[in-house]
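Each chain, written out:
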Amino acid sequence: MATAMPVPVGATGGWRARVQRFGGFLAGMVIPNIGAFLAWGLITAFFIPTGWIPSEDLAQLVGPMIFFLLPILIGYTGGNLVHGQRGAVVGAIATMGVAIGGFVGTEVDGELVQTPMFIGAMIMGPLGGWLIKQFDQAVMHRVRTGFEMLVGTFSAGILGAILAVLAYWVIGPPVAVISSAAGDVVDYLVDNTLLPLTSVIVEPAKVLFLNNAINHGVLAPLGVAEAAETGKAIHFMIETNPGPGLGLLLAYWFFGPRSLRPSAPGAIIIHFFGGIHEIYFPYVLMRPITILGMIAGGMAGVFTFLVTDAGLTATPSPGSIFAYMAVTPKGGHGVVLLGVAVAAAVSFAVNALLLKMTVHEEDEVVMPETATVGPAPATA
Amino acid sequence: MASIQGSDVRKVVVACEAGMGSSVLLVTQLRDRLKGTDVVVEHSPVSQIPADADVIVCHQGLEATARGVAPGKVVVPFSMFLGDPAFDRVVGAITEGTPLEG
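Sequence lines, in order, name chains A and B. Quick note, our numbering runs 1245 ahead of the 1-based positions in the first sequence. Quick note, our numbering runs 312 ahead of the 1-based positions in the second sequence.
These aren't lab readings, by the way, just hints derived from the structure by calculation. Please note that a few of the clues may not be correct.
[Said to hold, decoys possible] Cβ-to-Cβ under 8 Å is the rule here; a few derived chain B residues that face chain A:
(1) Cys328
(2) Glu329
(3) Ala330
(4) Leu337
(5) Val339
(6) Gln341
(7) Pro357
(8) Ser359
(9) His371
(10) Leu374
(11) Ala376
(12) Met392
(13) Phe393
(14) Leu394
Glycine included, C-beta positions come from ideal geometry on N, C-alpha and C.
Please model the entire structure based on the sequences and the hints provided.
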């Protein structure tokens, strides 16, 4: 029936639904564990040598948390998504192999490189869960009564042990090489002041609800590796900057269609302080031209962060200004706020202009077609 | 296009991508508006919509995924997080016991 009705903006299936499902799966491994990321970010911000209260003793927490706790949580959750508690256990064991490999290090271009194995965890966790699921489906119903626990325990233990070794030998090294190459690409963009160009891709993808996939699936794993090395990373600030969304909502408040203006202040609070960026996506989707304002705001923000050498210690999630302040390293608050403010100002200016050009008194219809999608009229 | 009588609705699930951000926000709002009925309102990731959901509410961008995960269920897509008529439609159908399609 989906073909028989007017297709609402962005509801088409196909590649987007697939990318979204994949991205949603990646995000589903990370987001439930975001509290641990924040804890790691806070410990880093406080106790590393350049932190608020440097402590050599407590700084020992930083390494093991990023090399072991965070990847294993991701792998555990990934296994759990595929096959419940048993999948989680095997996923966690398998992730341990790849995590240790990342900690020991891989030789890349003659240099021993340590890699926090986030990508490795996103592979091994679900893989471990999937394999034990296959075993359970093939074997468990044939097990003689009374031996279920024995078979269950041994199958998980043996499979986990094999996977941990395989992950250590076979999966870890290529992932380290790929991570290192992806990091080099970002470094190249940073060094050549090309990083703002990423907004051309990131901002449109964001409003298509690929925000979590981009941030938690791609940028955050790269950022974590950088932050582990230098104490902060700009990667965390590309997708999460609440400035562009704030500018858009302000523009709607003052220059949007009259019937939409009252909703803007509430949306601003939820977006900017609550960090739920999804709230502004519909405002972009209903006037797609405003994506230009979002890109402009995003680029201005990234450019400001780049030239002021700003960075965060961990991914600010949800993307609230409070989360931003919490994971800003000591001495960085001014430039971080500046980047957010510049992004908001540019986004506001461009979007205000775009809205002034496109909003006319007569087109006060605002709700896009979804409200009445389908044969039955809305019964509100 | 599935359909359900508003009076038969026991559980409304609000789905978003991760099931932790925007869906939670909407659950609070819907619960408030459905106070006094015995309808349960929950949030979940769109990939893990519980099988006992009667009505699924999600952003139109996730509609295709939601329909794939929960075939045959009533899926009500919305476009705005605040003040979308889709919410009025769900609340209206449940409180008045009228049919809800989607």
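Checked hints:
1. Cys328: holds, 7 Å
2. Glu329: holds, 5 Å
3. Ala330: holds, 4 Å
4. Leu337: Given a least distance of 6 Å, the restraint on Leu337/B holds.
5. Val339: violated, 13 Å
6. Gln341: violated, 11 Å
7. Pro357: holds, 6 Å
8. Ser359: Ser359/B check passes; min Cβ-Cβ to chain A is 6 Å, inside 8 Å.
9. His371: Holds - the Cβ of His371/B comes within 8 Å of chain A, reaching about 7 Å at its closest.
10. Leu374: Since chain A brings a Cβ to about 7 Å from Leu374/B, closer than 8 Å, the hint holds.
11. Ala376: With Cβ-Cβ at 4 Å, under 8 Å, it holds.
12. Met392: This hint holds: Met392/B lies near chain A, its Cβ roughly 5 Å from the closest one there, short of 8 Å.
13. Phe393: Hint holds; Phe393/B Cβ to chain A Cβ min 5 Å, cut 8 Å.
14. Leu394: holds, 5 Å
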